[in-house]
Amino acid sequence: MKVNEVPQDDVPDYSEGIKKGNYALDDQGKYVMVPSKGWDVDELTNRLAFNEYKAKVEETRKAVLEGKKSPLAYYMELRQMIPKFLGKTAGIATFRVKRHLRPEIFAKLKESVLDSYAKALEITKEELKTVPHNSQER
Amino acid sequence: MTTELAANGKPFVHHQAAHCETGVTSALFRYQGVDISEPMIFGISSGIFFGYLPFMKLSHLPISAFRAKPGSVFRKAAKRLGGDFVIKTYRDPQKGMDELRQVLKTGQIVGLATNLYWLPYMSERHRHNFSGHNIIVIREIENGFRISDPTIGYLVDCLADGLERARFVPGPLNPRGYMYYTKSVNPHPDLRGACIKGMKDSCNLMLRIPLPIFGVRGMRFLAKKVIKSPDKLGFQEACRHLAGTVRWVEETGTGGAGFRYMYAVFMQEAAELFGSEDLAQLSRDMTAIGDTWREFSVVAARIIKQRGKEEETFAKAGGLIFKCADREEAFFKNLQKVVRKLKA
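Read top to bottom, the protein sequences are chains A and B. Count along the first sequence starting at 1, add 39, and that's the number in our numbering. Count along the second sequence starting at 1, add 1, and that's the number in our numbering.
Please keep in mind that the hints were generated in silico from the structure rather than gathered at the bench. Be aware that one or more of the hints could be misleading.
[Unchecked claim] With a Cα cut of at most 25 Å, we get these calculated PhoX-like pairs of lysine-lysine: (1) A:K95 <-> B:K306; (2) B:K70 <-> A:K123; (3) B:K306 <-> B:K229.
[What the hints assert, rightly or not] Which stretches of chain B does chain A cover? Using the computed rule of at least three CB atoms under 8 Å from a CB of chain A, they are: (4) 204-214; (5) 287-299.
[Stated by the list, open to error] Across the chosen pairs, the derived CB separations fall in these ranges: (6) A:E166 <-> B:L234: 33 to 41 Å; (7) B:T107 <-> A:K168: 45 to 53 Å; (8) A:S151 <-> B:D162: 17 to 25 Å; (9) A:E150 <-> B:N144: 23 to 31 Å; (10) B:S277 <-> A:S155: 54 to 62 Å; (11) B:T4 <-> A:K107: 49 to 57 Å.
Remember, it's a predicted structure, so these values are computed and weren't measured experimentally. Don't be surprised by glycine CBs; every beta carbon is placed ideally from N, CA and C.
Pulled out of the complex, with its shape left as it was, chain A reads as follows (with noise of 0.2 Å):
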């Protein structure tokens, strides 16, 4: 890659103004470090991802509004989480997080169950009880 072939696309979102260091030849067959302000290609593929993301959070969200969730379970998918880390952050067995994804028990919960799950997720526990009811926000 020379140096005037080091992308340098516009992706203002994705990038949010940090450059990337490529390495990339100069005139003289030298390496040196160009930054780069962003690739469409590199967008696209973090853009895919991301947009994958959100759409499970936003389904897990809709699922609790319906009651076959917890809002456990929207919690953990905002934080990209799955039950093996939850439970390991939160100091609870596995098995149990996935019984508090079941929205009938997660009602039953301690408050201390609930305030270190709190502080796993690092929300408030009124959060925790209750989902955003348009859209998400992190």
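With chain A held as given, fit chain B onto it using these hints.
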């Protein structure tokens, strides 16, 4: 390039790097007065690699790694360059943070492994649950830390709470507060010897692991998978997998083309060090391999966008990976021969 003072007033120069771990390692060495570049570290520590791990999933997609496993770059570089490092992990987050503060007060700069999702300064699109991101803490500031993240061109501030979370949240590759700093560094390391060790190790890793998922054989394995994927998974799902692969080639802090350009830089620097025309030629070969990986990414993007349906197919994308595999096999076989002639 920015300069910042550590707690004891010693200046630290922040360089932009292409990759986090190599960037951090070279910065730690430079801070101790050993002038060594990022690609040099990458080559010496045998960072170049390929592994396709279909049974390990990260965000529901198989891993195709273009580098040696996180942590090994730093450890191998330290060993081969003769640096004595303190490496620590903690069970108790409070203890981990207290020790970090104490070490910073002595004027050391400290490397940390952190979770990308919980680093507060990361932009939203870059946040994903991956716990192998390396950063350097320079000093403590009011309710936070001054941080040099080599993948960002400037220094950033980070709140203490956020950093504690990023260091201790369990996740894939649980960091457990992994922290490292220099005890002493050999001021005149044996660069030539280290380079030869690194090159030999890389050749073995790429050519001689007797499993079909590593090295050049792993690339061929991936290529076959890519070619078959639209029949096996359906077009949509195949695109998802292809996009996942491209993310591994281009996005995950590689400096582009799955670290191949960075290795080309290493070859160039080594050629100057040894005064060897063979290595300079190998550098040009590696650049060509990097260009082929780039081409693969571009073709993949066109498939995903469904542009040029006729000529851009999964077979073509897979064919490009085959081409890379063949070229890399030839490259590392050549390198094996060249290394034997080099004298430390």
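**Request:** Please flag the earlier hints that this structure goes against, numbers listed from lowest up.
**Result:** Hint check: 4 fails alone, others pass.
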